[in-house]
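Chain A is fixed; fit chain B onto it per the hints.
Number of protein chains: 2
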Amino acid sequence: MRYFITGCAGFIGSHLTDKLLSAGHEVVGYDNFSTGFAEFLRKANQSSQFTLIKGDLLDKETLVDSMSHIDFVFHLAANADVRFGTHHPHKDLEQNAIATFHVLEAMRANQVKRLAFSSTGSIYGEAETIPTPEHAPFPIQTSLYGASKLAAEGLIQAYCEGFDFQAYIFRFVSILGERYTHGHVFDFYKQLLQNPDQLTILGNGKQRKSYLYVEDCLDAMMSVIENAKDKINIFNLGADEYCQVTDSIDWICEYLGLKPKRTFTGGERGWIGDNPFIFLDTARIQKLGWKPRLSIREGVIQTIKYLSENAWILDIR
Amino acid sequence: MRYFITGCAGFIGSHLTDKLLSAGHEVVGYDNFSTGFAEFLRKANQSSQFTLIKGDLLDKETLVDSMSHIDFVFHLAANADVRFGTHHPHKDLEQNAIATFHVLEAMRANQVKRLAFSSTGSIYGEAETIPTPEHAPFPIQTSLYGASKLAAEGLIQAYCEGFDFQAYIFRFVSILGERYTHGHVFDFYKQLLQNPDQLTILGNGKQRKSYLYVEDCLDAMMSVIENAKDKINIFNLGADEYCQVTDSIDWICEYLGLKPKRTFTGGERGWIGDNPFIFLDTARIQKLGWKPRLSIREGVIQTIKYLSENAWILDIR
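Top line first, the protein sequences correspond to chains A and B.
The opening residue of the first sequence carries number 1360 in this note's numbering; numbering runs sequentially from there.
The opening residue of the second sequence carries number 1360 in this note's numbering; numbering runs sequentially from there.
Okay, chain A solo, but in the shape it has when bound:
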């Protein structure tokens, strides 16, 4: 198979690139390196089966030209910066909704009909049903990030109906593990490196969230693509558990042997649009036989381990 991966130099995209190359497939990777790292493609670049294209998804022409003879598209590139959406509202619209439209149009131009898309549990807004299933009541958006991913999902679904595409839509919780480059573990670790005695926590620390380890995430996606055969296949991806922000801090501090003074900025939400409780119902994917291998605790520790062995990432942001 010849795969096309947008965001191939990103956290999940680079792992997927490695995995598909290891399985003997060809991979054409597309990235604008705005948040991806060449370092993450070191192994991939050693493979003759890998082609890297430095391009932007807003440059539709380059995208169309790059997608010839592709069997399957993984569209993972995104503005994943949930927290700062209100600082630059155009960014989510452009990099998530319009970029997805360009991916769909490039597929249509090249007669590529199958894609997988990394959506997000954020599109459920502040769900009333928790754990939240895929058929939860029609949600209300609380962030520009969620809204832009919802827009992308809707476009993909309309292309399935209108142009006979087949789609796999994955609604992720936050992902942890090697090559993790932003999120609460990153922020806390960076703070503790600068001052091991002091930790500032956004909100009251009681936000409850679910996480998934990156290798478990990849296994889940591949398992769905192999087994789900509908025109539109929508799956929540997450762990069977959630934790409080303070649980995660306990694990991080225990692993690092630190006892910082904790300061809370207060309030149920860490920022505008933060969701105080994210926990997805994963019964649908578990029916396919998939289960995460690592607990959230183990995922957090793998992440801290990786960050402490790869200090260059902390310097870059």
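Check each hint, because a few of them may be wrong.
Since copy identity is lost for identical chains, a pair holds within one copy or between any two.
As the list claims (entries may be wrong) - Taking lysine-lysine pairs in the DSS-like style, the calculated list, with each CA pair at most 25 Å apart, reads: (1) 1472 to 1620; (2) 1472 to 1413; (3) 1419 to 1450.
Think of the hints as simulated: they come from the structure by calculation, not from any bench.
Just chain B, lined up with the frame of chain A:
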């Protein structure tokens, strides 16, 4: 109050313009006249309270400049051409999703915080629950039109959360009445004018749809805006009934005194993305005391009456 109406020269927009001017308000109307008609603003243009701006919503600069000192925005402009979405996929994205983004940004630039938006029952896709309530299960999009309206809804909701806007989102069924310029009544009437003995019907004619008379639609919107006080207010707008396409044909033919031979193109759907059964649950708005005054039958007849007295509309398209 000083209102801003996008799509002021359109079917619903021009009625709303007249209504608000009659109530003594100021109206700034914005339209690119791509599908609107100057003729519809003949009455409005006689009022000193009315300002018409010929502009495109994709021209953000003109839009921002036009929205100064506004109290409330009605965002009604749209590409309402549900049927031909797959002929030009960029049109729905640009004219519905991106245009809405520009409206929101223009509001933000001018510190306007309240808006009403004309969404659509099409965003429920092929709903499992019929009549379909506002909190129906998370829908799957079946048309680019629906997808682009869903994208717009999501953006509006995110602005309510992120920038403290207040929004009224109306999910319309198809609207009938004076100044109606496209849809099945228009198509059938035009066919019958050309050949009173022959009528071609897209699909099997058994599609079930709900309709609402335009004056009832305006009353419904105003009633919600007066009475609903949440940050985000989402309301289905429709009749308490639905009809089959063939019922509507019966009414039209009876009114015109014609008995054409009916030819059906066949299939449950009239076109790709057509929804064979649209019927919205309107319990939420009826709780506010609103009820439609005209039945669907009466709405269809009002429409035919209008078209027969305004033949110029049929010539233009």
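Hints, verified against the model:
1. 1472 to 1620: neither (53 Å within a copy, 41 Å between copies)
2. 1472 to 1413: Result: close within a single copy only, 23 Å intra versus 41 Å inter.
3. 1419 to 1450: both (17 Å within a copy, 16 Å between copies)
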